[in-house]
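Participant: Residues per chain are reported as follows:
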Amino acid sequence: MSQRKEIKQAIEAILGSKITMRDDASNPEDELKADFIRAIELYEGVWKRQNNLLEKEGLDFTSYDEQYFKTIEGLIHFCFEGVAADAIIFYVYSRQDEDGILHPFVDPKGREYMFATIDDLWEFMLYWAEEMMRP
Amino acid sequence: MKKKTEREVLSIEIVYDYKDELNELIKSEDFNRLLLEEAITTIENALDKKRKSARIFYIPNLDCSVVLDYRNFSKVLNTAIQFYEQQEEYDECAKLVRLKEQVNESKKRNKTSN
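Sequence order for the protein chains is B and U. For the first sequence, the positions run 1 to 135 when this note's numbering is used. For the second sequence, the positions run 1 to 114 when this note's numbering is used.
Calculated from the structure, these hints are not laboratory results. For every residue, glycine included, the Cβ atom is placed at its ideal position computed from N, Cα and C.
Below, a list of computed lysine-lysine pairs in the DSS-like style, where the Cα atoms sit at most 27 Å apart:
hint: 1; chain 1: U; residue 1: 49; chain 2: B; residue 2: 109
hint: 2; chain 1: B; residue 1: 18; chain 2: U; residue 2: 50
hint: 3; chain 1: U; residue 1: 19; chain 2: B; residue 2: 18
hint: 4; chain 1: U; residue 1: 52; chain 2: B; residue 2: 8
hint: 5; chain 1: B; residue 1: 18; chain 2: U; residue 2: 108
hint: 6; chain 1: U; residue 1: 49; chain 2: B; residue 2: 8
hint: 7; chain 1: U; residue 1: 75; chain 2: B; residue 2: 5
hint: 8; chain 1: U; residue 1: 52; chain 2: U; residue 2: 100
hint: 9; chain 1: B; residue 1: 109; chain 2: U; residue 2: 107
hint: 10; chain 1: B; residue 1: 33; chain 2: B; residue 2: 48
hint: 11; chain 1: U; residue 1: 52; chain 2: B; residue 2: 5
hint: 12; chain 1: U; residue 1: 52; chain 2: B; residue 2: 33
According to the in silico footprint, chain U covers these stretches of chain B (three or more CB under 8 Å from chain U):
hint: 13; stretch: 10-23
hint: 14; stretch: 114-128
Take these sequences, add in the hints, and give me the full structure.
Facilitator: Right, here's the structure in full:
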């Protein structure tokens with residue numbers, strides 16, 4: 001018997017339940033999460049840069065960047081379901097106010113979700129995807 | 001057995017030459033406690049995040065993760081309750097009974113909504 005199978009049986013004996021040994025070398029969920037985080041961090045970085053230029057240097061690039069942000073927002077709405085798209089845009093622009101206070105994202109049913117980190121947003125995306133799959 | 005943390009998930013390297021060594025590990029109270037503690041933590045997290053499975057730990061030498069399916073959460077909690085009963089850690093048992101109730105409630109809610 002292979003060591004992998006022996007180890008699986010040993011863990012099942014300890015936990016008293018069947019388990020799955022999931023290969024991590026090419027885990028599509030992790031890859032998807034990494035891609036998502038990279039894209040959203042870049043998006044947020046551009047937004048923060050625009051704000052910093054205005055606040056610290058007095059340079060107003062709002063009009064200059066407007067078409068650029070509209071393009072990104074359009075692509076987000078094109079790629080994601082409505083509430084998921086709103087959550088992403090809320091995460092970048094509105095989750096934190098000028099005093100650094102976090103505000104909740106509110107779904108159409110009035111339920112609130114706090115996005116302290118990008119991981120929280122990712123968890124919401126997974127949760128919302130499952131909600132959408134419900135009959 | 002070496003233990004270290006990788007990302008947010010516990011990483012445990014399980015290396016042995018003979019099957020007897022693995023059997024020793026299965027009998028080890030410390031190892032049982034470690035796995036059950038980690039399973040409980042990940043089940044709590046999965047419930048909190050409304051996930052359908054819990055990734056308990058990672059085995060780097062096999063490059064795979066040990067994943068527990070939602071439908072088996074109660075079974076593992078039963079095993080943990082028995083373990084802590086044997087250790088006479090009744091506070092922990094009480095905590096796990098509440099967690100098991102939470103799992104059962106969550107199952108009921110899902111059945112109702114489906």
